[in-house]
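Going line by line, the protein sequences match chains A and B.
Its first residue numbered 1, the first sequence is counted upward by one per residue in my numbering.
Its first residue numbered 1001, the second sequence is counted upward by one per residue in my numbering.
Since the hints were made in silico from the structure, they are not lab data.
Everything numeric in this text was worked out from a predicted model, so none of it was measured.
Hints are supplied without guarantee of correctness; some may be wrong.
Listed next, with one range per pair, are the computed distances between beta-carbon atoms [to be verified]:
#, chain 1, residue 1, chain 2, residue 2, range
1, A, Leu50, B, Gly1103, 42 to 48 angstroms
2, A, Gln15, B, Lys1019, 28 to 34 angstroms
3, B, Asp1088, A, Arg113, 21 to 27 angstroms
From the three backbone atoms N, C-alpha and C, an ideal C-beta is built for every residue, glycine too.
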Amino acid sequence: MKFSVLVNEGPFTHQASDSAYHFVKAAIGKGHEVMRVFFYHDGVNNGAKLSSPQQDDRNIVKLWSQLGKEHGLDLVICVAAALRRGIKDDVLAEGFRISGLGQLIEAGMETDRLVVFGD
Amino acid sequence: MAEPVDIPEDDEPGEDVKKFMFVNRRAPYGTIYALEGLEMVLITGAFDQDVSVVFMDDGVFQIVKGQDTKAVNMKNFSPTYRALEGYDIDKLYVERESIEARGLTAEDFVVPVKVLSAAELAGLMAEQHVIISA
């Protein structure tokens, strides 16, 4: 099946990003395709490379970057939501790109399921 | 005699049209979900999809008439919902249980809405291809 994923919450405050990460990893592991992961609302903070959690905790931003690199994932940060929250290309973690909301709608149009993670 | 012309698939009406539903469940102010949710709906309007917008729980307050946000120093974005019609987004629904619990009626909103019960909305949701809730 062809999936796309929407992440609506930032890292650490909320489990949404962790759950989305595990979902994407599991889906790819089962042989499904993940066309795009779109980050909206506070979810844009998942692509901020300045995030430095404590050593004994998971580094969510890095985990996404690594997963993106391994599987050539399209990790898209919403530009309008990002600019509001101080996320620009200069603080963008590896493997993420900034683009418009149209990328989310396109993902919904072109995949079998759009799975939303948030409240 | 002219050669028969192949009509490209994407010229056929109805091709690539999916049913998108946006479910607004939160109050307009206090969190950003309502405002950014509306931004999503407006963008979808540019993609010629079959769009429905649902207001339920405190989300019904997003479209209530007579909002005055001066005291909280936030922009009153409720007039923007009236722009949806210009994007051919006119399937606007409110959940009956939510408005009854809050003492509202179908006349209290800035846009024309259809009032549906939770059970009717569930049926509508089951028909959608994409549901985005905020």
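We went through each hint and held it up to the structure:
Roughly 46 angstroms separates the CB atoms of Leu50(A) and Gly1103(B), a value that falls within the hinted 42 to 48 angstroms. The hint said 28 to 34 angstroms for the Cβ distance between Gln15(A) and Lys1019(B), and at roughly 29 angstroms that hint holds. Distance hint check for Asp1088(B) and Arg113(A): the Cβ-Cβ separation is about 26 angstroms, which falls inside the suggested range of 21 to 27 angstroms.
The structure fails none of the hints (numbered hints given earlier).
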